[in-house]
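As you go down the protein sequences, you meet chains P and X in turn.
Note that our numbering numbers the first sequence so that position 75 is 75, with each residue one more than the last.
Note that our numbering numbers the second sequence so that position 310 is 310, with each residue one more than the last.
No wet-lab data here; the hints were simulated from the structure.
Incorrect hints may have been included.
Distance condition first, Cα-Cα at most 25 angstroms in a straight line; then the derived DSS-like pairs of lysine-lysine [said to hold, decoys possible]:
1) Lys100(P) to Lys19(P)
2) Lys161(X) to Lys68(X)
3) Lys69(P) to Lys95(P)
4) Lys95(P) to Lys19(P)
5) Lys161(X) to Lys100(P)
6) Lys159(X) to Lys100(P)
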Amino acid sequence: MQYLVSVIDDMSTPGSSDKRPGISAFNERLIADGYWVFAGGLANPDAATVIDNRGEQQVICDGPFVESKEYLAGLWVWEAPDLDAALTLAAEASKVCDRKIEVRPFA
Amino acid sequence: MNDAEDAITRAYRDEWARVVAGLTRRFGNLDLAEEAAAEAFATAVARWPADGVPPNPGAWLTTTANRKGIDRLRRENQRDSKHKEAQMVFDNAPPESIGAIDDDRLRLIFTCCHPALAMENRVALTLRMIGGLTVAEIARAFLVPENTMGQRITRAKAKIKAARIPYRMPSAADLPGRVSGVLAVLFLVFNEGYLATGPGAGPVRADLTAEAIRLTRLVRALMPEDGEVAGLLALMLLTEARRTARISVDGELIPLDEQDRGTWDPTLIAEGHRLVRERLVAAAAGQVPGRYQILAAIGAVHTSARDIRDTDWSQVLALYDQLVNVDSSPIIALNRAIAVAELDGPESALVTVDRLEEELNGYHAFYATRADLLRRLGRSQDARAAYDKAIDLAGNTAETANLTRRRDQLQ
Chain P
1 MQYLVSVIDD MSTPGSSDKR PGISAFNERL IADGYWVFAG GLANPDAATV
51 IDNRGEQQVI CDGPFVESKE YLAGLWVWEA PDLDAALTLA AEASKVCDRK
101 IEVRPFA
Chain X
1 MNDAEDAITR AYRDEWARVV AGLTRRFGNL DLAEEAAAEA FATAVARWPA
51 DGVPPNPGAW LTTTANRKGI DRLRRENQRD SKHKEAQMVF DNAPPESIGA
101 IDDDRLRLIF TCCHPALAME NRVALTLRMI GGLTVAEIAR AFLVPENTMG
151 QRITRAKAKI KAARIPYRMP SAADLPGRVS GVLAVLFLVF NEGYLATGPG
201 AGPVRADLTA EAIRLTRLVR ALMPEDGEVA GLLALMLLTE ARRTARISVD
251 GELIPLDEQD RGTWDPTLIA EGHRLVRERL VAAAAGQVPG RYQILAAIGA
301 VHTSARDIRD TDWSQVLALY DQLVNVDSSP IIALNRAIAV AELDGPESAL
351 VTVDRLEEEL NGYHAFYATR ADLLRRLGRS QDARAAYDKA IDLAGNTAET
401 ANLTRRRDQL Q
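Chain X on its own, in the form it takes in the complex (with noise of 0.2 angstroms):
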């Protein structure tokens, strides 16, 4: 690659996300900021190698984008002289400095993420207008057909259009609902990243694993202070770090007490770990922690201990315990039973894990949990239903296979 595609490159990765949310605050419609951002960058494709690369590319960017967006709106009006987008046009406020709360990205991202969206196209609007990702990248990595996710991302930007969905940092009293939500879209980017679905996909997406984690650092950075966005870039970051151990050479998904830690990332657990160290700072001042900085410090109990039998299950279950009073979804009472199995045994464990079958009944990883307990109880023939009900039910290719495997050698 030369210097100049080198540049782009990275010019696409740093630069989107601004140039598109500054030009939706100036000219207020996302479609066109996101036709004159790829025409932009589709012009220094063209110039970049022939002139060199701008002593400032974002700036470059910015003006350029701004000109094709003017442009586009002269030759609409010319079309349409009844069209009044132009009297849209003239906010020429200088864009704001680098992370202040009020960044032209954050208001972008909570557009973007805005309740009253669905939530399937709360993620495609998220990826294509600051993740900067084609609409055929999207629609490869959730696999659905392109035009079907094309029609998502017109649909939402339809509707911030018609229903009036304000581009705006939400108010002081709405902040803390609100950015639960773009939480929770950034937490499904990852996880539909470490654990696609699909027979036909890969059983981990690299790319998506790694898209999250870029835009909860970007939401990082634009707000530091807030804590369950620290704690989610922590939980990704640990997980993350545990993902090329996670599946063998033969595409089989290897459980946490079999994976081998030395392959783990030290780098990402590192940074995991110190994120962790600065919430339980701020928890021991008295703001209490939401659930993902405590999913983000039972990842670091395991990612401390140096093998299965060194994990301090106690501080797991505490954790469990606490978790379970912020959200009590069954899915975290199954989990915590999982800790229970190892402090208290398999038995006990069973007793819980039974009680919540009618809530679970759908859900593969309650009846491998299940088989799991009922293996080392020793009952062979439950285990083995247990197994089939969750290969059944299984959507990831390497984690069927592992319930597969262990179906198989039971006695």
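Bound conformation, chain P alone (with noise of 0.2 angstroms):
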């Protein structure tokens, strides 16, 4: 069963300084215990374009499709047996990046 991890960020809290070190040893294990499938960090959502293109013009604007305090600030993809096993990673992802983190499984 594959997740959909995000890392949810929040402009009034950014958190605590370089977690990359950390996040970088957390993606190794999830690769060796064979949970990774995919993961990124995303840019500010100040850097995203919507296109609408169901129209007979497309129209493209700036910024994220929804305007809220809390963005996505990257994204996992993992591999898990079942939620519990999700969760517990998930656990320590939110530690490792010091963010709130999603789990929602794929359809």
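The task is to assemble the complex, starting from two chains supplied on their own in separate frames and drawing on the hints.
Encoded structure:
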């Protein structure tokens, strides 16, 4: 079962210093233990562009599709046997990234 | 009631959870397990009066329900050839022995009370899958429309399936945290029964308190070593023992100090005290008691006293001091202040209570407690205002009646 693991950021609590070494070590373990499918950090939501080509003319606009205090800062895709296994890893991920984490199964 | 009906009622009460849990293990699907179990009981209703009650009703129901489950899968497979559910069918391991830690029912309880489910959905699912209550019964108990309750149960089952919440015992490392979630569900059911909310509800729902006790007994039988399970059971028994003394014939709440202690249930009290003593022995051996055990111990002190003056308040206060260490909620602090009032007088208790206003300004018991302290200090005007606020906020009809009387008795 694959889970999308979203790293949720919040402008008002930017978190502490550089987390990259810890995250890299965590990623190494995910790979070694067979959970890893994909991961990536995202640029700031200000860098997002939304395109809508459902009508006659395509419309391009600036900004994320939804304005909110919280935004997606990065994501993983994990292969895990069940939710409990994914939640155990997510608890660690939350510590390592110093962020909230959402775990959501692929349909 | 004839013998067959009697046997069906008993089998439903005793076997429902076991049948559903066994089917869940076998088929890996809560919906299918529940429907097949319901069909098996319906078959029993049709057959047992004519054919007689089988010698082992539990085994008969398990076998019948398994057959119903397989029939259902076959039918669904014919309807939809892509249906792969049948691949999950073949866990033919014999059911595990009763009372073992990994009993099927225990796994089902942990699944229904999984922390990834919303609390209200956990309650609904537990009462349905473990308690065997119908959706209509659960809806009635919690005063929500039946389709709302149906949706809660459907949503919970859908999440279990989509997110793949596992049907198994939590790992040893997760167990303490997960047990506390189970106990929270059971305590919520009990409290809703003990202090029912809503103007249309009776003040006490004996069916819900009884169901909560029955399910807690089940968890206790499955996890006899867990101190907090024992503590919660003791707490419920000692509270339930006072239930009938708590409401007057006019439907008014009777506070502890005015209750006729002769009407308390001595059997429940004896059982509760036995459990508290068991936990005291464990505490003496170094096991740190959790909040349910401490609350049960407080209940034991109250139920040991012949009357309110005979109550060992210093013992009560010592227990509250202990409780504050494991649970720093302002509600605990409020209850501790009530014990302080008995020992040191209302003045010093009021100082503590007033400090809690910011956190508890939506809670009726805060104003009720404050009102009583003000009344004892002779500050009638202030007491009246506090009673008014408490009456506004109280959701329980018997409590409202008692608060109103106490306000109206002010000089």
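Holds or violated: are the alpha carbons of lysine 69(P) and lysine 95(P) at most 25 angstroms from each other? 21 angstroms, holds
Quick one, are lysine 100(P) and lysine 19(P) close enough, alpha carbons at most 25 angstroms? Roughly 14 angstroms between the alpha carbons, so the hint for lysine 100(P) and lysine 19(P) holds.
Would you check the hint for lysine 161(X) and lysine 100(P), treating anything up to 25 angstroms between C-alpha atoms as holding? 24 angstroms, holds
Next pair to validate is lysine 159(X) with lysine 100(P); report whether the Cα-Cα distance is within 25 angstroms. Holds - the C-alpha atoms of lysine 100(P) and lysine 159(X) are around 20 angstroms apart, at most 25 angstroms.
Given the hinted pair lysine 95(P) and lysine 19(P), is their alpha-carbon gap at most 25 angstroms? Answer holds: lysine 95(P) to lysine 19(P) is near 10 angstroms, not above 25 angstroms.
Is the hinted pair lysine 161(X) and lysine 68(X) satisfied, with a Cα-Cα distance of at most 25 angstroms? Holds. Lysine 161(X) to lysine 68(X) sits at ~21 angstroms (cutoff 25 angstroms).
When held up to the earlier numbered hints, the structure conflicts with none and fits them all.
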